[in-house]
Structures are given as C-alpha cells and as structure tokens.
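Undergrad: In case you want the letters, here they are:
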Amino acid sequence: MNYETVIGLEVHLQLATNTKAFCGCSTKFGQKANSQVCPVCLGFPGSLPVLNAEAFKFAIRVALALNCKIQGLIKFDRKNYYYPDLPKNFQISQYDMPLSYDGFIDIPVNGSRKRIRIKRAHMEEDAGKLMHPEGEDYSLVDYNRGGMPLLEIVTEPDINSPQEAYDYLTKLKSILEYLRVSDCDMEKGSLRCDANISIRPVGEKKLGTKVEIKNMNSFKGVKSGLEYEEKRQASVLEDGGTLVQETRLWDAGKCVTLSMRTKEGAEDYRYFPEPDLVPFVVDKNEIEEIRKALPELPEARIERFKKEFGLSDYDAGVLTSQIDLADYYEAVVKLYKNAKVVANWLMGDIMAAMNEKNVKVTDLGLAPDKFAGLLAMIDSGAISGKMAKEILADAIETKASPEEIVKKKGLVQISDAGAIEEIVKNVIVREVKSVNDYKSGKMAAMGFLVGQVMKESKGKANPGKVNEILRKLLGD
Amino acid sequence: MEKLCSLTAHKLKELMVKGDTTPLVIVEQLFSRIEKCDGKIKAFVLANKEKAVKNAAASKNSGKLAGVPVLLKDNICVKGELTTCASKILAGFKPPYDSTVTRKLEDAGAILIGKANMDEFAFGSSCETSCYGPTKNPWDTTRIPGGSSGGSAAAVASDETILALGSDTGGSIRQPAALCGVVGLKPTYGRVSRYGLIAFASSLDQIGPITKDVEDAALLLSVIAGYDEMDSTSVDLPVPDYAKALTNNVKGLRIGVPKEYFIEGLDKEVEASVRSAIELLKSLGAEVKEISLPHTEYAVSTYYIVATAEASSNLARFDGVQYGLRADDAKDMIDMYIRTRSQGFGNEAKRRILLGTYCLSTGYYDAYYLKAQKVRTKIREDFDKAFQACDCIVTPTSPTPAFKIGEKTNDPLSMYLSDIYTIPANLAGLPAISIPCGFSKAGLPIGLQILAKAFDEETMFRTAYTFEQNTEFHKKRPAL
Chain V
13 MNYETVIGLE
23 VHLQLATNTK
33 AFCGCSTKFG
43 QKANSQVCPV
53 CLGFPGSLPV
63 LNAEAFKFAI
73 RVALALNCKI
83 QGLIKFDRKN
93 YYYPDLPKNF
103 QISQYDMPLS
113 YDGFIDIPVN
123 GSRKRIRIKR
133 AHMEEDAGKL
143 MHPEGEDYSL
153 VDYNRGGMPL
163 LEIVTEPDIN
173 SPQEAYDYLT
183 KLKSILEYLR
193 VSDCDMEKGS
203 LRCDANISIR
213 PVGEKKLGTK
223 VEIKNMNSFK
233 GVKSGLEYEE
243 KRQASVLEDG
253 GTLVQETRLW
263 DAGKCVTLSM
273 RTKEGAEDYR
283 YFPEPDLVPF
293 VVDKNEIEEI
303 RKALPELPEA
313 RIERFKKEFG
323 LSDYDAGVLT
333 SQIDLADYYE
343 AVVKLYKNAK
353 VVANWLMGDI
363 MAAMNEKNVK
373 VTDLGLAPDK
383 FAGLLAMIDS
393 GAISGKMAKE
403 ILADAIETKA
413 SPEEIVKKKG
423 LVQISDAGAI
433 EEIVKNVIVR
443 EVKSVNDYKS
453 GKMAAMGFLV
463 GQVMKESKGK
473 ANPGKVNEIL
483 RKLLGD
Chain C
8 MEKLCSLTAH
18 KLKELMVKGD
28 TTPLVIVEQL
38 FSRIEKCDGK
48 IKAFVLANKE
58 KAVKNAAASK
68 NSGKLAGVPV
78 LLKDNICVKG
88 ELTTCASKIL
98 AGFKPPYDST
108 VTRKLEDAGA
118 ILIGKANMDE
128 FAFGSSCETS
138 CYGPTKNPWD
148 TTRIPGGSSG
158 GSAAAVASDE
168 TILALGSDTG
178 GSIRQPAALC
188 GVVGLKPTYG
198 RVSRYGLIAF
208 ASSLDQIGPI
218 TKDVEDAALL
228 LSVIAGYDEM
238 DSTSVDLPVP
248 DYAKALTNNV
258 KGLRIGVPKE
268 YFIEGLDKEV
278 EASVRSAIEL
288 LKSLGAEVKE
298 ISLPHTEYAV
308 STYYIVATAE
318 ASSNLARFDG
328 VQYGLRADDA
338 KDMIDMYIRT
348 RSQGFGNEAK
358 RRILLGTYCL
368 STGYYDAYYL
378 KAQKVRTKIR
388 EDFDKAFQAC
398 DCIVTPTSPT
408 PAFKIGEKTN
418 DPLSMYLSDI
428 YTIPANLAGL
438 PAISIPCGFS
448 KAGLPIGLQI
458 LAKAFDEETM
468 FRTAYTFEQN
478 TEFHKKRPAL
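Order-wise, the sequence lines are chains V and C. Take the first sequence: its position 213, counted from the start at 1, is 225 in our numbering, and no numbers get skipped. Take the second sequence: its position 233, counted from the start at 1, is 240 in our numbering, and no numbers get skipped.
Bear in mind the hints are in silico, worked out from the structure with no lab data behind them. What you were told as hints is all true, and nothing was included just to trick you.
Here are a few chain V residues that face chain C, going by a calculated C-beta distance under 10 Å:
(1) 50
(2) 93
(3) 153
(4) 155
(5) 283
(6) 285
(7) 286
Virtual Cβ for every residue (Gly too), placed ideally from N, Cα, C.
Generate the whole structure from the sequences, applying the supplied hints.
TA: Structure follows, in structure tokens:
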C-alpha cells in the first residue's frame, strides 16, 4: 500500500541573551559545573522569578520573523513534574496562551514553495543537565543550563517527508541566524528538535497513530530518524500490526528508533497560571518597534539577490541560506563585479571546502578582498581557472593569501606568445605521429598536443593561447 | 526603671533618643525575659542571643528601627541562619541569601533576635503542626496561640520581643494576633516584597507586622513596605507616611459591617465585643452601615482550593536533591523522593499537597481550580461594590477565642473554619488589621478586624488607632 507521511516538529531554541530567563545569571556555555547559578535558578525556597526583558524581546523578534500573531496578554504557567534537573520540580512555561501563534515558514519543494504553518511559539525555561558517572551509583546535576530562556516553536502537521523536515529546519535555522537570537548549534544543545510522525494510506483523511521521536542531535539525524520511522511504521502496518502511541528515542549509532515510553505512562503536568509572575499587557508600540528593527530576512534577500545580481531563484536561495555566506557574497561582489562568477565559485569550491571542514565561510580564513583578488587574477590572465582552484585550496589550507601563494610557487601564467611558441615548436618536433594524425583529420590529436604543451610548461601556459598558437603553426 | 521589654518600639525609640537606655540594655533585658518565659511559651525556634548582643552593641542609633529587637517567623529567609518553616524536611537549611524584608529591617537598624515557631509551612491555625511542637497561648498555656504565625504573636504578647513579623495567607497574622491580644496586620497584596518568604500560596501570601499597638504596626510596615525588583508581584507605588494616618478621629468615616459575618458559629462573647467596638466607633463619629458581601459563604472552600493548589506546586521542590532532609537507604531516585517527602512532611502538609494536586489534575482542574478562581473574582467584586458605600469594613477576626491545644487537631474542617473571617481579605488582596477589642469571661483576648481598600492602609490605620486611643484593651498583658 502507498502511505502518506505526516510530520510535525517541535524545536526548542535557546535564546542567546546575556542572562537567564528569570534571574541575572550568565548564560555562557561550557563553564565549570554549577558556577552560573543563584537562589532563583536553583529554585531555592523563597526565591522568585523576574522575567528577563531581553529574552522577551528576542522571543518577539523570532515570533514576528515567523509571521506569528502576538498574544495581547503575556501569561506564564507552571508545568509540574518531578525530575532532578528541574530544581523547583516545575518548569515555568506557557500553556493555553502562548506568546505567539499562527505563523508560517515557506520552504522550497520540487522547484516551488510549500507553506509550513507554525502553530505556536512560546517561552519557557531550560532545565539543568544530569550526568551519570560511569560505574558509580549516583548521578550529578549541573544547573548552569537551568533557567536559560527557551523558545519552543511548534509546527502544524504540515510536513510530509523527512526531506521536508530537513528543509524546514534549514530554513528555520537560516531565519534564526539572520535574527542573531541564537547560535542554533545542535551539538551544544542550543537548538533541539523533537518530531511527531504518523503515516496513513494515501487518500485517508484520518491521521494515523502518532509517534514522538526524541534524541536527534543534528538535522541529518532528524532526517534519518524520520526515514527510519516511516519505514518502520509502514512495515508494522504491512505485517498487519497496529502502531502504539509512544515516545521513541533515535539511536544515531545503531540507526534505529527505540521505544522509550507509551502513552499510558504519560504524565499529568497539572498546568496552572504561574502566580509569581504577573500577566502583563503587551505594549503594541514596543512590538511595532521590534518589527521595524527586524533585519532583512532570507526571503527578502533572495528577491534582492535575484534583482540586484541577476541570480536564479536556486542560486539566490543557496547563497542566502546562511547569513554569513550571503554577507560574504555581497562583500566579494562589491570588489569583483561579475556577480554570477562569484556565485559559481561560492557554490562550488568555497561551499565544498565549508562542508568538508564543517565550518562557516568566515572560518575559512579567506577575506573577501583576497578572494576578489584571486578572481581578478584569472581575468587578467595572470593565472588560469585551474590554477585558481589549486591556489584557493592552498589558501584555505595554509591561511596564506592567494597573492603570496602565486609568488611563492612561481605560479604566474605564461601568456607571452613568444615563450609559448617556443614550447609549441618543441612539442611539434617531438610528437611527429600526433601532428600527422591531426593533419590527416584526427581532431582528437589536438587535445593530446595541448596537454603536452601544458605539461612542458608545468601548467603555467595560458591554455587559450596554446590552442591558438598550435593551430597557427599546424597551418589551420 | 520600667521594664523595657514590655514597651513598644516607639516608646523605646524615645528612651534611646533621650539617652535613657541603649540597644544593648534592651536586648540583654529581652533575652533574660526569653530565658525566663520561653520554656513555658515555646515561641522561639531559634533565639540568637550572641548575634543580637553583638549587633546591639554595635548599633549606631540611626534608622527608623535603630536598636529595636525584631523576631522573624521561621519562613522568612535570613542568610546563613536556620530557616526551616517548622518542618523536618528543611532540617538544617540555612539560606544562602537574605529575604528583602530582612535586608530592609537591618538597613533600618533593627536587631534580629531569632526565629518564631509556626505551623509547618504555615499550614494551620493553631501552631500545632510545627515539627518543634506547639507554642502556648500566653493568656492560658493550655490553649493554642493561633496560627500559623503563633510564635510571633505569642512572643509579642509575652514581651519576649518588641516587634515581630509574620506571614498571612488566610489569616495567619491576624488570627494569632487576635487570640494573643496583640496587633496583627496583613498589608495589601503587593505592598511588601515576598522575596525570601518561603512560599505557601504565592497569590495570597503577604508578610506583615505583629506588634503591641497600632503605632508600632504603622512604623514596622513603613520599614518593610515598597516595591522590590526581585518580586514581580510587588507593586511600584510610593509608600505613604503611615505615621500621619494615626489621627484620633473617625468623624464622618463610613464603616461597613457585613451581615454575612454575624452567623452561626460566631461565639457570643466575641460577637458582643465586636458589636460594642462598633458602637464605640459610632459614638466617636463614624457612620456605621450594614453592607453585604454575598459570596462570603464560598470563601473558605475557594481558599482551600487556590491555596492548596499553589502549595502543592510550591512545595514540590522539597525533594531531597539540593538541601534539607534527604532520606537514607533510597533504592533509586523515585524512592528517594517518596521516602524524603514521606518522612519530611507532617500530616497537614501531606493533606494539603494531596488536596492541591487533586484540584489541579486533568479532569478536575475545571471543576475545582478554575471554578475557585471565578469565585475568587466574585469575592473581589463583592468588596469593590461594598467599598463604594464605605471606607472600611469592620468584622470579628476569629469566630472564637483561643481553643484548647489538641481540641481541633483531628478535625481539620473545624480548624479551617477558624479563618472564615480572615480569608476573604487574602482572596481579594486587601489590607486588614486585627486589634484587641475585648476579653472573654475566661480572660481570653478577642480581636476586631478592620479591612480597607487595596493600598489604603491609611484608612485602616486611622480607624484602628482611633479605637485603640479610646480603649485600654491593648495595654493589658498576660501574667506570666
């Protein structure tokens, strides 16, 4: 049978404020355990939370960028459950009145666009981290992360494939990076994603049994986990079985999802309004000011890149997907006018290097002016395109500037007709058979001869000139 | 020389300014009083003589409470000092920080002398749920002092402190003040910072003074009141000069007497004292009128849903992980929670946690918690309406004088009704004061409650002060 996959995603985003959501503790990552705590984020008796105005602003920025409506009255609730990483044994969150709701993100699907609706985005506080020392009969808690501001972004079940889920996350991350509200680093846990997935026979209106998947630590992990899960669900149904509503954990090592708990074990969180935080009416002017101060977002930048630089929809999409890449592109284009050429280089060798090293463009150590200089050397004929590729790789590897590399290796291209003619003559004298082949009509011999000239010149001869001179001397 | 520990704070200040006494003399006299009486009364869970003497000796006589001893209820955090809420589960807990009121008292020059006994986590009206055992009523030590701030009230009544702070969630300052024959004041919700008050029910709790007279209550409130950026529920309004409100004049003041408060269960002697108090105010020029607060009968049940719901969540943090008691021999994490909480909480705490948890559970939330919130709004609206016709409301504080120790411990519902007259002020967030207004034939104190509009403590003070100036009840002290 053919099945349709239905996916909804929940993203927990750590907002990169200087201080925690409800106290003045630092949010700096990677500090000594329990060094960034106070009575408030440790939930000590008698302590009270006070909302961090910056965290609220960050949350509103995201909500507006995701095209959400903003709640008129901001209210917090308590989510009650016992766990040692939660010092008060309740989490300050938002239940029936999320800070924002009814938004959307458009993602590219098969050359057109698909709208993924955002159901809600609400604020809450993060929990601490449990550590289980190996071989010991105790656990430790680090509360540094406890009380950090989170925004939980929940989609409607509008996602129909693991690839769409991946594209949604990529787009979301891109928007969040533009807003500079989070470093979106899944490895550090500043962005976490849980997924709800069900399948149903194509044409069926009723949703299938939903399974929640947790513990996916990268966008690729989300995709793989969902791919595994849609196959698993289909095979259960194909074998005549029934699916159970449950939470499953993705095991990235074994590439399987494993059952964690079924719905019967689901907790009653006993939500009720947080009495320590007074609900407040949103200042409409403040929201408008935040809206006005929003940076240019990826969608707008795609349109501008198409218009300003004559890029295709696809190229503009790729180049704007990361804010650093888009900024870099614009910086290079300011210095080197052929925007299309810059685009090709960025989407080719530069992005390949970024992927290989898993770094941002700004971490490659190649300043925009150096890169523009390299492109200019090709145009002036000082180096060939092929040489430029090698110089680029070298520059990224050694962090030396392209000019330095050219100088050091003596890589300047030979374009002088006299010098090239010398080499061509030597080759014609030496490769008699190929010369005769060419003259008797075997055009392929020309390629061999050019190759010989290039070899003789150690790759420095200008290939265009070599061709031209060869043809002239062979009497074309 | 007069016995200093029987004096009020304002009188002692006078003496200190004149040079007739010093903070050190006061504190030393006070501690000999404590050593003499507290074996009988058991108002203190911590008497910090060494620190108090040191601070008194170093006192520089500036600030509104310079050199004046103050006793804190055991649910108010003092940095590095035992703060247990009279519960085993907080055994050995020393907060790493000061409550805002502690800081304000110290800034005003007050000398903190220790911690007062209370019902465990303020759950009770008799001080009997304390893990340290009950405090005794100084007027009759076979009787309860009221609660939950029973230790604070008994200490003030027995001259074991000059001033005390209590906390009031449903009457926990006013009811013990009434039963011990002293003044007890619950400020408007948001008037005093709750930062560092170990929460019972966050939307109802308020810290307030327990004192020997109204002038001291005004003085102490003026020190602890005010906006605190550490408490989002504190209100950013200027603190008036309460001393200016202490005028012996109620001419033209409109006093409302709610008909719903004079009902079955109200002790005849209490009713008689309250009625004659109202007559006195009338004779002093107040205009007395009957008013109606129609939703009064739902106040107690509403309160026990809202308060226990919040308490069940507030007390979830006592789990043995970070501080206080952790039970031994736990098999695993869940077992540690269960053992710690089973051993650490007393019966009344367990009863309220269960009740509150139940009220918030899926399937019951709408019927209990949500409905209670709606009734709470109705009760608040009752007061809004009533205050269109009057400036303050006068009622009994407690339906009976102090009852016998053990009399109601096995009858929680009858215990809960002790707060029937005090609960509405908490639900509506209004200021209310209890002042002495008589004695029963058995010689037990009776309290008069005066409520005013939110943030109109001044009218409340004016009424209370006028009554006090024209009566002698507050001057009577128990023989110990």
